[in-house]
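Visitor: Letter by letter, the chains look like this.
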Amino acid sequence: MNPENYLVLAAILFAIGTVGFMVRRNALIAFMSVELMLNATNLALVTFSRINGNIDGQIASFFVMIVAAAEIVVGLAIIVSIFRTRRSASVDDANLLKF
Amino acid sequence: MVNPLQTAILEPVAASGLFQMAWLMIAIPLVSAAFLLLVGKASNAWGHLLATLAPIASFGIGLALFFQLLGASVAERTVEVPVYEWIGVGPWDVQIALLVDQLSILFVLLITGVGSLIHIYSIGYMEHDERRRRFFAYLNLFIAAMLVLVLANSYLVLFIGWEGVGLASYLLIGFWQHRPAAAAAAKKAFVMNRVGDIGMALAMITMFAHFGSVEFAEVGKNAAQFSPLTATLVGLFLLLAACGKSAQVPLQAWLLDAMEGPTPVSALIHAATMVTAGVYLIVRSGPIFDQTPVASTAVVVVGTVTLLVGAWIGTSKDDIKKVLAGSTMSQIGYMILAAGIGPAGYVFAIFHLLTHGFFKANMFLGAGSIMHGMDDDVNMRNFGALGRAMRWTFLTFAMGYLAIIGFPFFAGFYSKDHIIVAAFEHNMIVGICALIGAGITAYYMTRLMVMTFFGRKRWEHGVHPHESPGVMVFPLVVLAILSVVAGVAMNSWINGWLVPAVGGEEHTYGLLDGFTEPIGWLTMGVVAIGVVIAVSVFKSVPKEAPRGNFLERAARRDVYGDDINNAVVVNPLMAFIGLLTGFDRGKVDGAVEGIGASTSGLGQVLRRLQSGYVRSYGLTMVAGAVLVGAVLILGQLA
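Read top to bottom, the protein sequences are chains H and R.
Heads up, the first sequence is in my numbering, so the first residue is 1 and it goes up one at a time.
Heads up, the second sequence is in my numbering, so the first residue is 1001 and it goes up one at a time.
These aren't lab readings, by the way, just hints derived from the structure by calculation.
Glycine included, every Cβ here is placed at the ideal spot set by N, Cα and C.
Hints are not guaranteed to be accurate.
FRET-style restraints, in silico, Cβ to Cβ [to be verified]:
1) R:Ser1616 x H:Gly53: 38 to 46 Å
2) R:Gln1636 x H:Thr85: 43 to 51 Å
3) H:Asn52 x R:Val1628: 21 to 29 Å
4) H:Asn26 x R:Gln1636: 32 to 40 Å
5) R:Val1628 x H:Ile66: 21 to 29 Å
Computed list of lysine to any residue pairs in SDA-like fashion (alpha-carbon distance at most 25 Å, straight line) [claimed, not checked]:
6) H:Lys98 x R:Gly1618
7) R:Lys1041 x R:His1128
8) H:Lys98 x R:Arg1607
9) H:Lys98 x R:Leu1606
10) H:Lys98 x R:Leu1619
11) H:Lys98 x R:Val1605
12) H:Lys98 x R:Gly1596
13) H:Lys98 x R:Ser1598
14) H:Lys98 x R:Val1622
15) H:Lys98 x R:Gly1603
16) H:Lys98 x R:Val1614
17) R:Lys1187 x R:Glu1163
Reference excerpt, derived from the structure (chain R facing chain H, CB under 10 Å, subset only) [as the list claims (entries may be wrong)]:
18) Arg1607
19) Gln1610
20) Ser1611
21) Val1614
22) Gly1618
23) Leu1619
Just chain R, with the same shape it has in the complex (with noise of 0.2 Å):
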């Protein structure tokens, strides 16, 4: 199967004007964050204010940059902008350079500006917090490296941003450090992404090892030149890199714990993000997958299977992040299912991503709001009734659900139904996968809308629900808005904007494709019954959770993701530790420690000939003289 569809080759042009701005969008929170954790104690008191005006006035050079792309000609929408030579030695020759085109402008816009919002909500959510300060700084990294990471011209530059922020990741997760919980959280996000990062090392080195250049535009031009397996085995690579940061089977585990993060971390980081960081690094590196099928069918079945275990989880979880953690496990499914089709797909994968950072982001923050009024309760079976109490959190939160669920004109009705359009006509059974996630979805989704905001009160004694304060609301109605218009804004124009940059084909879509379609109709009838059924079922909540099916326990221990890889990594490489242990506890350490103790005892013999008798030493000198006067004589005789 060879992809009938081209993907773009890359061809920069040099930067001018403002362009030449860009390095700032990186710099600011950079030198904001640094700022904020060196002066200390001091800032207390105005940090997070600092802290919230360096994502917004990167928000700010990035929708003029993006203007200036909007005014330039297609060819003049690929914008190089060096910063500085890295390493020059010999043929090796590696520029620190941004790339600014119509994919990384739309991602610095998605980082900056659901990062701004998220800085917002934070200074109210995290105002009792003694450390808010570090809090800020941290997230201030975070869109440093975020930045680095999408505005990378090549692999390497975007590694420094990929580990970036895998260290910001760490660093928020375990924020609550204190908690024994959330320290391993941490620990267990950094090992799992240092999985996938060895992914990315090996795909950077072959690059390396074949072009002696890992630009983007360089290998993109060379991709043609691997030979079908190297081309096969640097598409694997970097599926696994992306498996890792994106949470995607079988490296999955970490992103449900990672939720011991503070909240507007899950919703900026673990949501709109980072986590989509990997649909971003196989959608860039679309020249070397359209050399290999088996690579590409690869991140579809990764998709497809990640899709449906995510959901799967979503649908019996008590813990409302944790729904929400499943749900993003499973709508980043759907992107890397799109992203693995192919050009066809690349466009619809971005689309996606960029409507589920407004919803998810959205409903992660409405989470946060109704942990902020429940006294930090997240399990729902102690919610219920909310919508009364929190009027704009539920309002908000609302459109946040119909978007996901992809209910008609909302943001997930455009940029979902492409992607499972698109599954259908790539495969049969993928596009079934894709149909029946959809409806999950809508189960779901629906579950945690009724136990949280409808129904009887199940609240614990003593909580008083109240809505948030202002600082918190802003941020909620403004991803409220986009999850209602971003996708009746993008839907016709970023099929235009996107296939120069990333390759597929120029078509227009309308607004009411979904209607005329029969996977269209499809779509929606399967919702629909999702949402029936999770009405139905959940019009009782009881306060215990049942013990539940087979399907439903499964769910509740992660589909056994940590069980899984207990049995198949971490206890064969303590048994194997615990054999290298060994021996070096007994044949080592009994090599050298049996040296030694020969060596002592052979002194305890050897010191019985120091006896003090003055006499019996005269007794040997006297026998060592005859000795050597009898060798000197016999020798003089031979």
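This is chain H alone, in the form it adopts within the complex (with noise of 0.2 Å):
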């Protein structure tokens, strides 16, 4: 199969999460979009592991998978946090930090 395929579907996911994280208002969804987007990357480093023959692409997508993990520790416990206290999760109601 050619590997370009998966390329074009990485792309496609990242264009999905791209869109969704800027369109939709939930935080939950926004960060599932933002989660889209890394793993699009993810797959493409892999794809290119495997095209070129070595595994420097799939080093590096480990080193996202773990940021991402990281990331999603920290980025839920804000959005629950921030539910708890404005019972929103809507990103646009969190602007208080602004000029």
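Please assemble the complex out of the two chains, which come individually in their own frames, going by the hints.
Guide: So this is what it looks like as structure tokens:
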């Protein structure tokens, strides 16, 4: 099977994630969109690893996974605490940090 | 015009024996001043006695040195006493050394002698002042600084003393600093002296640049190498310095205000010693003035103008101390005039300086004694008929009076006569001015005498004049005796003594010269006219000052000295400063504050980007990422 198809799939997933991040108000959905973008990137990295016949891309994807896991821990905690205090998970409502 | 007479060039010999102790004369009062200021209140009870012993000790050493010099041959009368090396860098070698010669030793005796008497007088005069110890410490500081000034062997060391006496003068004029007038007068004296100091500094810098040395002996030896222009400039710089210190026109305005200080200060600093430093400076700088007829003429003009202006001011003041201050200006004008004539006049300048030191200190202390008895009143319109109430003060004052107007055989008769004769030999107009000055001197001094000691009582209610205590009368008596005999004692001797040190013509003057020359008779005639006019005009003295004619009104305003200073210097400077301040506020501050304001204005605009909406941040990030990606891809393609 042609590895370039995987790249096309990764690009489609990344685009979905980007659009989702920008249009959805719900913090959890936006968060999932970010994860989708990260995983699309992972897919692209692994594909490049396959194309080039070495494991550099796979190593990079492990780093991404670890950073993503840490980010989820922190990010979910923030979202939960915002939800508790404001009774809302909308990112547009959490707009106090501004000029 | 070149001076036919030569100025003496100093050729000092090394010090030996007693001369090595010369520094003690300065050290004793200096240490005493420091001690009294540092120990503080603990020495309140006896501080004034210690301070009085200090100048007496210096006087003793000075007297011993004087007799040593008197016994030495002429070639060995100029003694240099090294103290220590101050600056020794490469070709620069600045020594602190003292120069004891015929000129400086006379000054030492005047300063420490009159200084000691004034210290004694101050014990009585300042008795009820709670800051008496501090006053005496300042007096000691002055004595030390003045001795540095006259004993210096170079202009630089002289300058240390020069500034030291300026400081002491400032501290003592403003001694009663709770009085705004005294504080202002002190500041005025200090600032106007700084103007003169600029001249002193410029003169020293020029000498250093040309000779690498500012020692009197070196400069004297090399002065002939000055180009005429440089010599003229240095001469004018020195004249400026002398004008500041000696209250000569145009820097005269501070001296009249300086009378705000305690009266012993006026007697010591602003009559007998410090204000004569300018005369000393010019006489010491003789070799330079020899090279420059222009500067010498300027000195003569300044002296002549000042002797007339000072006398003019003296004629119309009602404040007894201000009359004496105007008189001091005038008499120093005589000295400066004599010093400007050149080697022919140096001896006369110093002679008059010494006699003036005696009789003017005498009269100032007498004025202090009167104030002491009249509850510190200085207005002569409130005096009158004090001759009987204060007999000693009256008698001693009268001796000073006869000395200053040049009554035959009194001190001023000899010293002033020489100057007038020399002025006539120098230039007819200058001579006539000096003669007129003598007449005005007789007029205003007679006016002072009549208003103070004769006529009806015009005392304020509740004033009971009484004679001052013995501790104040004793100095008056000593100074009165000196006012009488100093002229006779020194007239025949001082010329032969000073000529080897300052230059001039060896000549023995007789005691009766004044009666053999026509100018002598002329002077006595003018003086008599002045006395007669004053006696007839001031037969009765109104309590309120009459409006007076134009001349009197001008004199009461110090011949518009302050107005001229304001118009010529202060107001233009203030306008210029206003301009500069405006520029600083408007342009400099405007530029700095404009940068700040525009930065914060830009911030006001840019901070709108921080909207708080996460999704708009996301959009910005995506747009940025796309932009970077596009650039990378286009870069690959290109």
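Visitor: Now, for every hint given, state plainly whether the structure supports it.
Guide: Hint-by-hint comparison with the structure:
no.: 1; hint: R:Ser1616 x H:Gly53: 38 to 46 Å; in the structure: 43 Å, holds
no.: 2; hint: R:Gln1636 x H:Thr85: 43 to 51 Å; in the structure: 48 Å, holds
no.: 3; hint: H:Asn52 x R:Val1628: 21 to 29 Å; in the structure: 23 Å, holds
no.: 4; hint: H:Asn26 x R:Gln1636: 32 to 40 Å; in the structure: 38 Å, holds
no.: 5; hint: R:Val1628 x H:Ile66: 21 to 29 Å; in the structure: 25 Å, holds
no.: 6; hint: H:Lys98 x R:Gly1618; in the structure: 15 Å, holds
no.: 7; hint: R:Lys1041 x R:His1128; in the structure: 15 Å, holds
no.: 8; hint: H:Lys98 x R:Arg1607; in the structure: 8 Å, holds
no.: 9; hint: H:Lys98 x R:Leu1606; in the structure: 12 Å, holds
no.: 10; hint: H:Lys98 x R:Leu1619; in the structure: 17 Å, holds
no.: 11; hint: H:Lys98 x R:Val1605; in the structure: 13 Å, holds
no.: 12; hint: H:Lys98 x R:Gly1596; in the structure: 23 Å, holds
no.: 13; hint: H:Lys98 x R:Ser1598; in the structure: 22 Å, holds
no.: 14; hint: H:Lys98 x R:Val1622; in the structure: 20 Å, holds
no.: 15; hint: H:Lys98 x R:Gly1603; in the structure: 13 Å, holds
no.: 16; hint: H:Lys98 x R:Val1614; in the structure: 11 Å, holds
no.: 17; hint: R:Lys1187 x R:Glu1163; in the structure: 14 Å, holds
no.: 18; hint: Arg1607; in the structure: 4 Å, holds
no.: 19; hint: Gln1610; in the structure: 5 Å, holds
no.: 20; hint: Ser1611; in the structure: 6 Å, holds
no.: 21; hint: Val1614; in the structure: 4 Å, holds
no.: 22; hint: Gly1618; in the structure: 5 Å, holds
no.: 23; hint: Leu1619; in the structure: 6 Å, holds
Checked against the numbered hints given earlier, the structure satisfies every one of them.
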